[in-house]
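A.B. asks: Listed below, chain by chain, are the residues.
There are 2 protein chains.
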Amino acid sequence: MVGLPARGKTFIAQKVGRYLQWVGVNTRVFNVGEYRREQCGAHQLHNFFDPENPEGKRKRQEAASAAMDDLLHWITNEEGTAVAIYDATNSTQERRRWILERCRTYQARAQLQVMFIESVCEDEEVVMENIRAVKLQSPDYAGVDPEAAARDFRERIRHYESSYEPVQERDLTYIRLVNVRSQVVVNLIRGYLQSRVVYYLMNLHVSRRCIFFSRHGESMFNVEGKIGGDSLLSPRGEQYANALPQLIKDNLGSENLTVWTSTMRRTIQTASKLPYPKLQWKALDELNAGEKYPEDYANRDDDKFNYRYRGGESYRDVVLRLEPVMMELERQHNILIIGHQAILRCIYAYFMNLPRDELPYIRVPLHTVIRLAPKAYGCEETRFRVNIEAVDTHRPKPQAG
Amino acid sequence: MVGLPARGKTFIAQKVGRYLQWVGVNTRVFNVGEYRREQCGAHQLHNFFDPENPEGKRKRQEAASAAMDDLLHWITNEEGTAVAIYDATNSTQERRRWILERCRTYQARAQLQVMFIESVCEDEEVVMENIRAVKLQSPDYAGVDPEAAARDFRERIRHYESSYEPVQERDLTYIRLVNVRSQVVVNLIRGYLQSRVVYYLMNLHVSRRCIFFSRHGESMFNVEGKIGGDSLLSPRGEQYANALPQLIKDNLGSENLTVWTSTMRRTIQTASKLPYPKLQWKALDELNAGEKYPEDYANRDDDKFNYRYRGGESYRDVVLRLEPVMMELERQHNILIIGHQAILRCIYAYFMNLPRDELPYIRVPLHTVIRLAPKAYGCEETRFRVNIEAVDTHRPKPQAG
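Chains A and B are the protein sequences, given in the same order. When we follow our numbering, the leftmost residue of the first sequence carries the number 859, and every step to the right adds one. When we follow our numbering, the leftmost residue of the second sequence carries the number 859, and every step to the right adds one.
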């Protein structure tokens, strides 16, 4: 990452990390600020960041080195493709050359490609908003008066501004995001992974919004304990469809909303009473369980994420077909998804950063609306349980032993 | 489009046009050179393009206007989303303002968004190569000595160079592709369609390569006249799998190749004797025909592209799930796809720019390898028929009446 403080670097690093992890690339974020707080304690005021303060400078360099040591140790010991995100200001050419140099010494052990992501924001209002919303909650300012903290943080930014050099080295691989993506510059991008990250970053936005999701109402097949098929709602499922509009209205107010369903009748029926624009996605259809072979099913818990039914799909397959849906979801504002158990598990895992082995066991009960509100450092979750009985389709992970 | 002559503008325009058409967006390219040739005749030598030549200037402006008139007439009469590509040099700020002004007068009738795609190439070698490969074949130089033609074309470029202004107007939506995409600049990109085009352009490459494709060898289900399922090869299908390695070697030589299959046994078995790296794509699995309802099937020919089997897929669904595969195919070099009838029809239609109503009836016979070699203005096709009998699974479009 490259950029002055309060330019959304950590937000971007976290989002990219979660996205890559979700599509199956082993990814970890190394935040230099955390190393500094651990080594030097929190509550460092702006003087610590003054380039003319040799003591502060030395300590900041130590934190940067320690984070880089851990990063290089981690990435060179991972199997297969891995991505490490080095989350710090890296705001001078000298510092960026140091990063390249450190990585070069590891080239023998791992093929490291370095890509810089710079976030530039020239709008002082946006920066101040970011300081208020994020930085004042940071451990650096625990117990400090907000006004004083804001003043101190602006002083800290000034120290970096005096030596800031935007990324423009022609031999570096980089993407510059200028003023909330109104201009994007991309240099020497190579390979699939880098181009995926660029595309993802171009689709991200930072406006406030909510994502609601719910499974379809209880279906006839749920009641009968069958999976697959394209059944209609049970009478209790219909009651749920009738109750949804009020619940959404109570928790959304008068904002705009778009409803996404699969192409299956039970989701379309569940959405039928909602007074919002609707879109059907084939990619939101339930995991295809293929043909049933009871002898296969017994082994499914050994690795449920990768288990593919004969002629059907695994959770891994579902993540791949959902990827364009998630990209579009990042671009959109308020969305309500009426979906299916396996599909919503994948979507939930994306936003909540849950690992693949837990994903197939996430609880997404019937007759419950989940609301996620993305914030700078994660998602706020609220669950609304509608008081209409439904069968429980959850099967917990069997205990080993 | 924006750029000096011989910068690949027409190649880019054609590729973007074919891609958008394939994903379902009504798209048409308006090439100003064609209008000029029609109005003024071919064989205009470089003096015609000299900005100091008032007669040439007036005639070129007339061709530009006529193309723009047709473009605006076309796009404002299309229903739904449509994209018109205005393929000309548009190399001055004045000309770009004229384009915006022309579009603005049509704003009342259609919501037109204007996006500029600039192709910049600073490498004289690459430009000369492009002149030799493409421009000397152009109608402008039919019957002219190649050396003289190349000299004349370089003079033509000089005329444009003298007044060329790269796109940098801050209020324009644009993407600049510099030196075969080694640097990309993106400004004020808004909305889904623009961001798809940007991502597509970042994945395009212009290196020479081949795409081979073949259906799996004849399967047991082919012989029995069944569709769907995951059957193995028939004895004749196995013979085909044995014959493939020599056929590919004879027509590829010693170049690298990667083999893509679906996850179905008949494609994996067909690829099993090939001595190249292999990759299985779930997204290459055959169109899912769902459950069979004979009364539905009778109507399928009315609109075969959009017809979705109950609980299964339409050709439209298949195009959507293939889109990431095509994006990856654009990024790769030599690829051999061992696939299925409906899937290969979609891929063939992409490269050969066939309309959606013809797509479901494209002939992709068993035991035949198709080789496509992308060129500047389309694809060269070669078909290799292997002399092993197989059933014919093609069903032509019924004649109306």
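Rather than coming from a laboratory, the hints here were simulated on the basis of the structure. Virtual Cβ for every residue (Gly too), placed ideally from N, Cα, C. Be careful, since some hints might not be right.
Said to hold, decoys possible - Below, in silico cross-link-like pairs of lysine to aspartate or glutamate (DMTMM-like), each with a Cα-Cα straight-line distance of 25 Å or less: (1) K1140/B <-> E1186/A; (2) K993/A <-> D1010/A; (3) K1131/A <-> E1096/A; (4) K873/A <-> E1186/B; (5) K1140/B <-> D1175/A; (6) K1084/A <-> D1159/B; (7) K1140/B <-> D1088/A; (8) K1140/A <-> E1181/B; (9) K1140/A <-> D1159/B.
What the hints assert, rightly or not - For each label pair, taking beta carbons as the anchor points, the in silico distance ranges come out as: (10) V972/A <-> R1066/B: 50 to 60 Å; (11) E952/A <-> Y964/B: 23 to 33 Å; (12) Q1138/A <-> V972/B: 40 to 50 Å; (13) T1116/A <-> G1086/B: 33 to 43 Å; (14) E987/A <-> E913/B: 33 to 43 Å.
Stated by the list, open to error - Here are a few chain A residues that sit away from chain B, every Cβ distance over 12 Å (derived from the structure): (15) G875; (16) V1036; (17) G1049; (18) F1209.
A.B. asks: Would you mind marking each hint as holding or not holding in the structure?
C.D. replies: Right, here's what the structure says about each hint:
1. For the given pair, K1140/B sits about 21 Å from E1186/A by alpha-carbon distance, which is consistent with the 25 Å threshold.
2. The straight-line distance between the Cα atoms of K993/A and D1010/A is roughly 11 Å, inside the 25 Å bound, and the hint therefore holds.
3. For the proposed pair K1131/A and E1096/A, the alpha carbon gap of about 10 Å is at most 25 Å, so the pair holds.
4. For a cut-off of 25 Å, the pair hint linking K873/A to E1186/B stands: about 23 Å separates their Cα positions.
5. Using a Cα cut-off of 25 Å, the hinted pair K1140/B and D1175/A holds, with the two alpha carbons roughly 7 Å apart.
6. Annotation: proposed proximity of K1084/A to D1159/B is violated, straight-line Cα distance about 34 Å (limit 25 Å).
7. At roughly 22 Å between alpha-carbon atoms, K1140/B and D1088/A fall within 25 Å of each other, so this suggested pair holds.
8. At most 25 Å may separate the alpha-carbon atoms for a hinted pair to count; K1140/A and E1181/B meet this at roughly 14 Å.
9. Between the alpha carbons of K1140/A and D1159/B the distance comes to roughly 22 Å, so the proposed pair stays at or under 25 Å and holds.
10. As the Cβ distance of V972/A to R1066/B is approximately 30 Å, the hint placing it in 50 to 60 Å is violated.
11. Distance hint check for E952/A and Y964/B: the Cβ-Cβ separation is about 53 Å, which falls outside the suggested range of 23 to 33 Å.
12. Between Q1138/A and V972/B the CB atoms are about 31 Å apart, so this pair departs from the stated range of 40 to 50 Å.
13. For T1116/A and G1086/B, the hinted distance range of 33 to 43 Å is satisfied, since their beta carbons lie about 34 Å from each other.
14. Checked against the hint of 33 to 43 Å, the pair E987/A and E913/B fails, with Cβ atoms roughly 59 Å apart.
15. At the 12 Å boundary, the C-beta of G875/A stays outside the reach of chain B, the nearest C-beta of that chain being 21 Å off.
16. At roughly 9 Å, the least C-beta separation between V1036/A and chain B is not larger than 12 Å, which violates its mark as non-interface.
17. Distance to chain B contradicts G1049/A as a non-interface residue, since its nearest Cβ pair spans about 8 Å, not more than 12 Å.
18. For F1209/A, the shortest C-beta to C-beta distance to chain B comes to about 21 Å, beyond the 12 Å cut-off, and the non-interface label holds.
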